[in-house]
Each structure stands twice: as C-alpha cells, then as structure tokens.
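K.L.:
Since chain A is already given, all that's left is putting chain X with the ligands on it; use the hints.
In the order they appear, the protein sequences are chains A and X.
In this text, residue positions in the first sequence follow our numbering: the first is 1, and each later residue adds one.
In this text, residue positions in the second sequence follow our numbering: the first is 276, and each later residue adds one.
It should be emphasised that the hints constitute simulated quantities derived from the structure, not laboratory data.
Since we're looking at a predicted model, the values are computed, not measured.
Where hints are given, some of them may not hold.
Partner residues are not named here, just some residues of chain X that face chain A (Cβ under 10 Å, in silico) [unchecked claim]:
1. Ala336
2. Ser637
3. Ala642
4. Ile648
The beta-carbon is built from N, C-alpha and C at its ideal position, and this holds for glycine as well.
Listed below, chain by chain, are the residues.
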Amino acid sequence: MAVLEIRDLHVSVEDKQILAGVNLTIRAGETHAIMGPNGSGKSTLAYSVAGHPKYTITSGTVTLDGEDVLAMSVDERARAGLFLAMQYPVEVPGVTVSNFLRSAATAVRGEAPKLRLWVKEQKQAMTALEMDPAFASRNVNEGFSGGEKKRHEILQLELLKPKIAILDETDSGLDVDALRVVSEGVNRVHATGETGTLLITHYTRILKYIVPDFVHVFVAGRIVEEGGKELADELEANGYAKYLAADAADAADAAGAAPDAAGAAGAALSRPLPV
Amino acid sequence: MASADAALSIADVIATERDALGKQGHTSEGSIAVGVTPSTPKNPADARVTRMLSRDPDAFAVITGREEDWRFTPLARLHGLHDGTAAPTGVLEVTVTGAPVETIGPDHPLVGSALTPVDKAAALALRDFKEGQLVTLDGELAEPVVLSFRGTGQVSYGHVVVDAKPFAKAVVVLEHTGQALHSGNVEVLVGDGADVTLVSLQEWDDSSVHLSAQAAVVGRDARFTSVVVSLGGDLVRLNPTVTYAGPGGSAEFLGLAFADAGQHLEHRLFVDHEARNCRSRVTYKTAVQGEGAHTVWIGDVLIRAAAEGTDTYELNRNLLLTPDARADSVPNLEIETGEIAGAGHASATGRFDDEQLFYLQSRGITADEARRIVVLGFFTEILQQIGVPSLEERLITAIENELGTAAQVPA
Ligand SMILES: Nc1ncnc2c1ncn2[C@@H]1O[C@H](COP(=O)(O)OP(=O)(O)OP(=O)(O)O)[C@@H](O)[C@H]1O
Ligand SMILES: [Mg+2]
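So here's chain A without its partners, still in its complex pose (with noise of 0.2 Å):
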C-alpha cells in the first residue's frame, strides 16, 4: 500500500517563505481535502511535491514508501508514482494530445503501450469523461477551455494511474456537468484502492460527490484544523476568520509583542478575508 509522507515542510519561493512545516500522510485509497484561503500555499505544497524548481525546500522531508521524493527530478517523481493535476494546465504548442498522452504513458509505465491496445485505451478513457474524440488532435490545451482543460487533466490521472494524486483546483471553474464527469473519473481512480487522493478546493459542491475522509485547513503555510468532512461544511458557514486570527496571534506571540486582543484583531484585519 502506497503512502505519502509529508514532515515539517518549509518552502520558501525567492527567499519568502510559503510554507512553514506541513505535515501530512497519505495513503492509498484515503481521500484527503485541503481548504485554506487564497494565497495561503496550497498550490506551493502541491508543486513542491511534484518538484517545481521554482520552490526551494529549506527544511523537512518527503518520502513515498519510504523513498526520498525530493531527491528524485520531476520525472523520476512522476515515475515513482506522484501525479498533480494543475490549477493551471500548460498549453504545449505543437505537440498533439494523442502524442502527448502516450509519451506520458511511455514514460510512466516503461515500455510503450501497444499502439492497437493503446488507441482502444485512450478512446475509452475519452468517452468516459465525455471528450470530443477530435481534441486527440488538437494541440495540448491550446485553446482549450478552463473546464476543457481539467478534463485533460483528468483523462491523464486515469490513464497514469499514480499511486499518489494530487488534484489542485481541479473543480475550480466547471460547469455542473462537468463537475459531475470530473468527479467520477477521480472516483473511478479512487474506487481500484491503489491510489491516494489529495483535493485542494474551495467550494463543498465537489465534496458532494467526492466524499473525503480527512478534511485539512490549511493557513498561513501550515495545516492548523483537521476533521472529517463535516469540516467542510463548517468551513463554508464561517469562513476563516477564527484560523487566521488565531495564526495572527500566534505571530504576534513569535514576534515578542503583547499578545492582547487588540493587537491580534488588528494584525487579522491586515490580511482580506475570504469572502
């Protein structure tokens, strides 16, 4: 059973610290939701995984069943069985989707899939998330919608099938339809067991169809609240005001300052809330 290990990570991105000591596990078959405020370092944990040379690790570790994650390059990391599907996919002028999907596939699995066996696979694949056969032609993301583009997303996570899934904002953007075609496929991915899932979102809506067992907040850099999904819920409600006063607070306390009331309110206004 494949797990993810995540210990007091600290990142910082051009010598600004984003993230101050995460620690999370994840296995597989467990789905895990991240929710936290704009800004707050969701995404800089997701690519700090998956190994983006714009974040600089400055402490702390990741392992994944027991290997060093961030020893490895990007590519090692996604052959190890890491996945991200990004908040902002990249467009790859030129370079066809059907082109794109079997060098990853090549690449992950380790010997290139049957071009007969591979065509009937991907077509499958495309059906099952309602995709135009016709985008197999068209150049990676390139004038795709943002719904389009997530879609794409997640034909790759079912095609990769990783051990380790991160999805970042992958329901940011779709349309209900959409969000319900998304979500099976993450479930689809979800229901083999061999795959851990961890959903950075905003919105509870996706939670009505893809239930988490762990729900994280996640402010400041650092996970400060988990539950389960009733959570979320909560979350929706009050928003997180309470988290970032607290945090505000906590950093007043670091800073040697009084740890009055006042002060706190005060350092708590300076940040915009979530709305």
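P.N.:
Just chain X with the ligands, lined up with the frame of chain A:
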C-alpha cells in the same frame, strides 16, 4: 507624398508587437516607415525602393560585410562564393521524380524572368551556372515533383526555374544533401490562377555552404507557398522574394531553421507589393543551440503606392535553447499608400519555456525527451499550416532526425 492624415490612418491598422524575452534575444529594432518615397527614404540602408538590381555581376561593388544585407554573414566562411574567387568545379548530382525536367543554360529565355539579382553573389551564379533545371507545370499534379540535389565535394553554381502555367496546381520539392559549396538561384513563375508550393529543404552535411535567391512572380488570383526548412550546412543563406504580376495574388512564406553549434542559417525575405489587393503572410521559426549557433531572419515588406488593398503580416519566433547561441530578427515594413487592408509584424526571441518542460516532466517524461518534444512542437506548428499531409510527415521526420543527432541540451 502621404498626407499626415493618411499616415495616421495607416498607423491605426498596423499592429506591432515586440517582446524580446530573455537576455540573449537579439531582436534588433525593426522599422515601419510610412510615406517613404524613393527620394526621401526614412532609413536609406533599409529602404528596398532604392535597391540596385542587375544581372551583371560587375555592376556590383565587392561585398565587404559592412553592407546592411551582409552585416550578419561571416564572409570568410563563404570561401569566395560571393566574390567570384570560388571557381565552379562541377555540378550537384540531381535526381528528379514526378515530372519531366529540361536541362537549361543561362541563355534560356525564362532565366532571369522572375529574378533580377540584388547582389554580386546571385548575379555570378545566374551568369555562370552550367546546368540548370526547368520544371514545367501544367494541370493538377497529384504527387509532388522532387528534385533531389546531392553535393559530392564540388564548388557549384546551379539554377532552377519552375514555370507553372495558368491554373496549374503542384508541389515542387528541392532537396539538398551532401557536401558542396553551392550557389544556386531559383525562379518560380506562378501563372494566373495557379497554385504552387515550393519546398526548399536544406539537409546538407556539416561543412556545406549554400547561397540561394529564390524569386517568385505571382500571377493574377494565383497562390504561391514557399516552405523553407534549413537544418544542415555550415552556412546557409537564402533570399526568398516575391512580386505580384496582377491583382488578387497570395503568397505564404513558411520557414523553419534549427542551428546547432557553429551553424549559420540566414533567411532574408522580401515581399514586394505593387499590384492591388494582394496578400502576403510570413511565418518563420528558428531554434538555436550551442556555441556559435546563429540564425538570422530579415523580413522586408514594401507596399508601393499602387498596391492598394494590400494585406500583409509577418511573424518571426526564435527559441534560444542555450545562452551561447544567437538569433537575430529584423522585420521592416515600408508603406507608400494609405489604402491598405492590413499590415503588421511581430518578432519575439525567447528562452525555452520552463513551464512547458515542467508540465511534460511531471508526466514522467525525461528532461531531454521533453525538450525534444517541445522543440518539435514549436516547429510542427508551422508544418501544420502547409496543408499537404504527406509533406508534413516527411518534414517532421527530417526535423526528428535532426533533433536526434543534435547534441543534447545541457540541463
Ligand atoms: N515568485 C514569488 N515571489 C513571491 N511570492 C510568491 C511567488 N510565487 C508565489 N508567491 C506567493 O506564495 C503564496 C502562496 O501561493 P500559492 O499559489 O501556493 O497559494 P494558494 O493557496 O494555492 O492560493 P489560491 O487559493 O489562490 O490558489 C502567495 O502569497 C503568492 O503570492
Ligand atoms: Mg492555488
């Protein structure tokens, strides 16, 4: 003379974009000159209107390298092809498939009918070539006509004339392989209503040198497509040009070049709009990799006073794969009439897109393979515009071979 009002309205239709990304991008400042006349060129060095044309090599001064046209070219590497000191020692081997071809000499009446040389190098080749090829196109040809030229170590002058009769439709491919110091001009006569695609594929050995002026005259309501693919050779310098013999003509220039360490691949285009209601599109992409790799793209477009209703756009994109490589890009637009349908150019030289690399790598694809895929995609975008699937596949294979043999990009 264009009035101030006319100049203003022209400025409105010109969309110019210039984004030099990355420090190694040598995108020179291009120019748009509106309302120039032969007596008052805005920039005499660039003005096409005032350029001297002649079939007589002796009418041109010796090329020194200080001329605007030659400032990017390393003259020493031409081994005398530009000044007449490289005496021809033979001709390229040629194999022809797809249509009968007639062997011609410099005195053939069609020689010089589309091309009047703009420099000494082209004039020398035009005067002194021994064996040229005349391809006559009539009707619609299902299969491409292929002229496969192979160098076997000689200094050679050559000449190709493609004479497309009215309403002919065909693809002509000129392949260049082997080792040679070769200067050869190409003339394409596109008859009224004809549709001709000319492909010039440079797959020379590493030490070859190739100079070629490729001039087309496009008839009334005719279409001409020039596809240039430059991959091999120590130095390649091509001059594709077009003029229009009547209104309603359309010319499309698609080009790509991949320069490895030490290679100089130069493409200088000139689109001369004199007839009314003609269209031109130029799309060139180059990638450079390794020390001394150098591509040069010059795109000159002249819209003469009579060329009302002209619609033109030029695009050049260059990809710097390593910091020790160089790409120069100079678009120039001279406009002498206010009554145009559209005119503009865009040029950008940038580094490899790390986000594309990350995206592919995050799907398990190694960095080297990801770079290969992205560069191939960068070029494929142009090939997708040719619209002849068998040709696209063939050219993609040529590029794949080139990328496979190119030294791997350091990470
Ligand atoms: N190059 C950079 N320089 C400085 N700060 C940066 C840089 N890149 C990202 N950041 C900051 O890192 C913080 C975390 O960004 P991240 O994208 O991880 O947030 P997020 O939680 O995913 O937000 P959202 O919900 O809006 O997607 C933000 O405040 C962002 O501005
Ligand atoms: Mg984000």
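K.L.:
List, from low to high, the hint numbers that the structure doesn't satisfy.
P.N.:
Number 1 only.
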